[in-house]
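Asks: Listed here are the chains, written in short residue letters.
4 protein chains.
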Amino acid sequence: MVTMEAQALDAYLQEVFPQLSGYRIEQADAESVRVRLNVADRHLRPGGTVSGPTMFELADVAVYGAILSRIGKVPLAVTTNASIDFMRKPAAGRDLVAVARLLKLGRILAVGDVLIFSDGQDQPVARCSLTYSIPPRR
Amino acid sequence: MVTMEAQALDAYLQEVFPQLSGYRIEQADAESVRVRLNVADRHLRPGGTVSGPTMFELADVAVYGAILSRIGKVPLAVTTNASIDFMRKPAAGRDLVAVARLLKLGRILAVGDVLIFSDGQDQPVARCSLTYSIPPRR
Amino acid sequence: MVTMEAQALDAYLQEVFPQLSGYRIEQADAESVRVRLNVADRHLRPGGTVSGPTMFELADVAVYGAILSRIGKVPLAVTTNASIDFMRKPAAGRDLVAVARLLKLGRILAVGDVLIFSDGQDQPVARCSLTYSIPPRR
Amino acid sequence: MVTMEAQALDAYLQEVFPQLSGYRIEQADAESVRVRLNVADRHLRPGGTVSGPTMFELADVAVYGAILSRIGKVPLAVTTNASIDFMRKPAAGRDLVAVARLLKLGRILAVGDVLIFSDGQDQPVARCSLTYSIPPRR
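Chains as they are written, first to last, in this note's numbering: chain A, 2 to 139; chain B, 2 to 139; chain C, 2 to 139; chain D, 2 to 139.
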């Protein structure tokens with residue numbers, strides 16, 4: 002079911018998105034993809050909260066990874082829609098861990114959702130659902 | 002963890018929302034609430050598809066039920082936001098089954114999400130996340 | 002810019018969605034489409050509030066109308082995503098009026114948003130954005 | 002109607018969010034707030050596209066600015082929900098301009114939406130709606 006494993010995904014994401022740093026694909030199987038973000042100062046807002054754009058980016062990377070894990074290298078898939086709920090303040094000084102699942106992988110559109118946790122915590126700090134437009138394959 | 006069981010929830014929803022018909026709360030536990038909708042002609046669009054508003058209503062009932070299952074009878078909780086993805090055409094002539102989980106139950110806001118399936122199918126036809134404003138308790 | 006005028010749109014919607022009742026396309030021009038819903042008992046929740054699914058349906062009809070006004074009869078366009086904010090309680094005993102604008106009309110996807118008002122009021126009761134998948138044209 | 006003018010808003014945002022750079026509040030009146038982002042290399046993805054998180058951040062700043070323009074300095078307002086549609090590829094080498102309007106300013110929640118344009122273009126590249134939780138005022 003999985004076309005790319007965690008390690009191959011990780012290498013590919015670093016290759017196509019060299020701007021991203023601090024991310025690591027920890028796991029990729031038929032059920033879900035797990036991504037860890039090593040939170041650094043540049044991700045923070047005053048008071049030590051992780052910024053909204055950082056959580057959005059993490060969610061985007063996680064679902065994008067879930068798509069790639071299934072269909073392989075498709076560099077041109079683009080995010081067309083995202084809906085995100087910020088539910089709790091992330092714990093200070095901890096990594097963020099995103100767990101994404103793919104709900105639909107169609108010919109034209111893919112849909113996934115993701116829960117984001119402060120590492121070691123039970124309750125999610127955010128949830129996000131995302132839609133991607135998949136370019137026609139030749 | 003559960004304040005109201007499935008049967009009590011079912012009775013309460015029928016009492017406060019007498020306009021709703023065809024719904025049944027099948028299960029309510031600490032993890033999730035499952036609601037079945039007996040699809041009838043009034044829920045359909047041309048071609049036999051279940052209408053979008055019907056799936057929205059089912060998602061709303063399911064997450065509302067999940068809130069009630071935890072905090073008991075709070076008739077004034079109101080939906081403030083919903084985001085829904087319609088992913089597949091529901092199978093003709095089948096019930097819809099919604100499985101909702103509560104992701105946050107705060108003092109002011111509650112957030113839940115839900116997957117909707119055609120009965121007996123593995124792949125969800127829709128996903129929805131909803132936010133509710135909870136009135137102050139005296 | 003407008004392929005179908007309000008009256009033609011109205012007739013077409015009644016033809017393809019005979020289940021819908023109480024809707025009237027009041028205006029359709031290059032900027033926006035305005036749809037009126039004659040609120041009836043079946044649209045209400047206890048306390049006289051218009052139900053969420055009713056507002057969702059109105060938003061869906063309005064943006065769908067905006068698409069049709071531009072590209073003509075495309076019965077197979079389907080809603081793939083909707084995000085709705087319920088912001089105020091609609092005034093009792095008044096029509097709802099939706100004003101939709103088309104933000105993107107692509108080859109594959111169309112996106113529009115809509116504000117819903119209680120007739121005669123300045124402040125919107127709800128906002129909604131919707132995405133539609135447009136079938137390939139032969 | 003406007004409690005803080007564009008210049009005061011600009012100064013305040015730089016004070017409370019020193020991490021943000023490249024933003025300028027250009028205009029703030031009763032109708033809308035306009036924010037310009039000077040797009041730099043750090044905002045780009047391969048191919049010269051502005052990244053999704055950058056557009057999300059711009060939308061967030063613009064609606065937050067619209068709230069502040071009306072109620073003054075409320076540093077603790079937090080984003081609880083956002084829904085964003087990415088509709089077109091931003092033009093290369095141009096600023097992004099966001100125009101936000103406030104749709105609801107309640108005691109507990111505020112809702113706004115925003116269109117984002119490549120500077121000088123008519124068609125929006127993205128739309129976003131956001132909800133904020135407003136802390137109780139003493």
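A couple of the hints might just be wrong.
20 Å max Cα-Cα, derived DMTMM-like pairs, lysine to aspartate or glutamate [what the hints assert, rightly or not]:
#  : chain 1 : residue 1 : chain 2 : residue 2
1  : A       : K74       : A       : D123
2  : C       : K105      : C       : E32
3  : B       : K105      : A       : D123
4  : A       : K105      : B       : D42
5  : A       : K74       : A       : D120
6  : D       : K105      : C       : D30
7  : B       : K105      : A       : E6
8  : C       : K105      : D       : D120
9  : A       : K105      : B       : E6
10 : D       : K105      : C       : E32
11 : C       : K74       : C       : D120
12 : B       : K74       : B       : E6
13 : B       : K90       : B       : D42
14 : C       : K105      : D       : D123
Since the hints were made in silico from the structure, they are not lab data. For clarity, every value in this text was computed on a predicted model and none was experimentally measured.
Asks: Provide an ascending list of the numbers of those earlier hints which the structure does not satisfy.
Replies: Going through the list in order, the structure violates hints 1, 4, 5, 6, 7, 9, 10 and 11 and respects the others.
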